[in-house]
Amino acid sequence: MESVIILVLELAGTLAFAASGAMTGLKKNMDIFGVCILGLTTAVGGGVIRDLILGNTPPATFQDPIYATVSVVTSLVLFLPQVRRLLMWDQGLFDLVLFLMDTAGLAIFTVVGIRTAYAHEPQATVFLLVFVGVITGVGGGVLRDIMAGDTPYIFVKHIYACASLVGALLCGLLWHYAGEMLSMLAGGGAVILIRGLSAHFRWNLPRAHD
Amino acid sequence: MESVIILVLELAGTLAFAASGAMTGLKKNMDIFGVCILGLTTAVGGGVIRDLILGNTPPATFQDPIYATVSVVTSLVLFLPQVRRLLMWDQGLFDLVLFLMDTAGLAIFTVVGIRTAYAHEPQATVFLLVFVGVITGVGGGVLRDIMAGDTPYIFVKHIYACASLVGALLCGLLWHYAGEMLSMLAGGGAVILIRGLSAHFRWNLPRAHD
Amino acid sequence: MESVIILVLELAGTLAFAASGAMTGLKKNMDIFGVCILGLTTAVGGGVIRDLILGNTPPATFQDPIYATVSVVTSLVLFLPQVRRLLMWDQGLFDLVLFLMDTAGLAIFTVVGIRTAYAHEPQATVFLLVFVGVITGVGGGVLRDIMAGDTPYIFVKHIYACASLVGALLCGLLWHYAGEMLSMLAGGGAVILIRGLSAHFRWNLPRAHD
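Protein chains in written order, with this note's numbering: chain A, 1 to 210; chain B, 1 to 210; chain C, 1 to 210.
In short, the hints are calculated from the structure, not lab data.
Check before you lean on any hint, since a few could be wrong.
No copy labels: a pair is met if it fits in one copy or bridges any two.
Unchecked claim - In the EDC-like style, the derived pairs of lysine to aspartate or glutamate whose C-alpha atoms are separated by at most 20 Å in a straight line are: (1) Lys-27 <-> Asp-150; (2) Lys-28 <-> Asp-150; (3) Lys-28 <-> Asp-95; (4) Lys-27 <-> Asp-95; (5) Lys-27 <-> Glu-2; (6) Lys-28 <-> Glu-121; (7) Lys-27 <-> Asp-90; (8) Lys-28 <-> Glu-180; (9) Lys-27 <-> Glu-10; (10) Lys-27 <-> Asp-64; (11) Lys-28 <-> Asp-64.
Throw the hints in and build the complete structure from the sequences for me.
If you want it as structure tokens, here you go:
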């Protein structure tokens, strides 16, 4: 049962990040293959980095085609003229969908990353769990931005990695007390809450030259 | 005998990708060391990523100096004023040589990647073989473009990763039926054919805003 | 005793590279979290790449929080208005501190990288030792520049990777004759000497279009 929930979560995160990568590719006017590659990289990048760090080779993405399939199908659907026209009809809608997809992916991948780290290293410290969770969460987006030639989102936009970090801390600290499911729910919820609030109230962290 | 052919192929691919990296460095007016590093990164990058994914550590490049030596010597030769003058004498010639080198490297590294994946994971699915083959083929070029500050070639230029993917699929599917050598020949040939035809006829994949 | 010296060196290198990453973030007007991430990436990036290449997973950085702690605290201190004002009061001072930090980090990480490679692969050839040393030395800075959207330092600035290479060669060649400590001292000293001299006398390597 639990493993089914995890798989559904992973696929939802994959879909969300694939969509955010593909939409970045559409914005940059990439061709259909470029859009698919950017969708795929964004969706599986965080997990591949996570598995390399944990010494879990070949990474899960390479062993089970379902993640790549979901990523590519998502990218192809977003490339359909009808879908694109719908999304591009309104810049506000496009940006909102991109934001929601990115937030959902960040929340899911952060807590799934912690779970994978824990499964692979049962003696892991909270430090390792949190570190691996954040890298799984933000890794795909950083690869997307580097490959698309943008400054990585985590450096410039609203509270992003910060949301992942707080969610990962919450999830990692609760792990031994509240059990897997509750910890993941609390951590993922915190990520979505913090990102949502910070975007709505335009919270920003202090900068050097304000 | 077979291992000699593989080594010759690997060295030819290394030479080709080192040349494409070094020529990118020359275009950017890098100094002699920068040209060598870019040649080296392009030539060995795909293989290092492949070995990390397969858990094959330290990667082959780090164990046998021949790949790094070929890369650096190739880069140094291209830096020679006489060679540079010859190449830069004609922009068309320069671009043609760069194209041929890049295509040869892509074809060779794609099929060699599949072979390495198969040797390391004999139970590998076709999916894993193809995925690893494409990453080995395009990985070095992606690193080259990211390090040189360009948008990765695979996102913007003629059918590139697409050629690698078709060649990898052909090679991976034939593997158990046609044997190693024939599969690699067919896969590599397909990569060269598709890239050559697409460049000649200026084929392009559909874009979002045409 | 020796392991204490190594730890002190590693922490000094971590501090130096964290400072160079954080100062790059300050220059780019990143927010406080971005400055910390860039400091952290620069400081631990080289070591993480090194450990992945050696198959040493999870990398040391993920197992012991001290490296991340030093990186983040260093970045936070540099973000303090008082410290920033002091550094930014004089562009020359800022650049000098950045240069010194970067050089110290390069020297320390190069020789520590060789030591880690040797500890992990006692049968390693000098080639592997040197290669891993240089990657440990320059890896963090390359990640910093790629993430900050700059052309990697190693391609454009004064003799940089070249200094790391000469120091690594010296250290790797001496290893079996002069012992660990002396080799690291000689190698690290060579890095600092070469970078210092090349900056002072504005040495540059030849370029293609001079």
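Now the hints, each set against the structure:
no.: 1; hint: Lys-27 <-> Asp-150; result: both (12 Å within a copy, 17 Å between copies)
no.: 2; hint: Lys-28 <-> Asp-150; result: both (10 Å within a copy, 14 Å between copies)
no.: 3; hint: Lys-28 <-> Asp-95; result: within (14 Å within a copy, 25 Å between copies)
no.: 4; hint: Lys-27 <-> Asp-95; result: within (11 Å within a copy, 29 Å between copies)
no.: 5; hint: Lys-27 <-> Glu-2; result: neither (37 Å within a copy, 47 Å between copies)
no.: 6; hint: Lys-28 <-> Glu-121; result: neither (40 Å within a copy, 37 Å between copies)
no.: 7; hint: Lys-27 <-> Asp-90; result: within (13 Å within a copy, 35 Å between copies)
no.: 8; hint: Lys-28 <-> Glu-180; result: neither (40 Å within a copy, 40 Å between copies)
no.: 9; hint: Lys-27 <-> Glu-10; result: neither (26 Å within a copy, 38 Å between copies)
no.: 10; hint: Lys-27 <-> Asp-64; result: neither (30 Å within a copy, 41 Å between copies)
no.: 11; hint: Lys-28 <-> Asp-64; result: neither (30 Å within a copy, 40 Å between copies)
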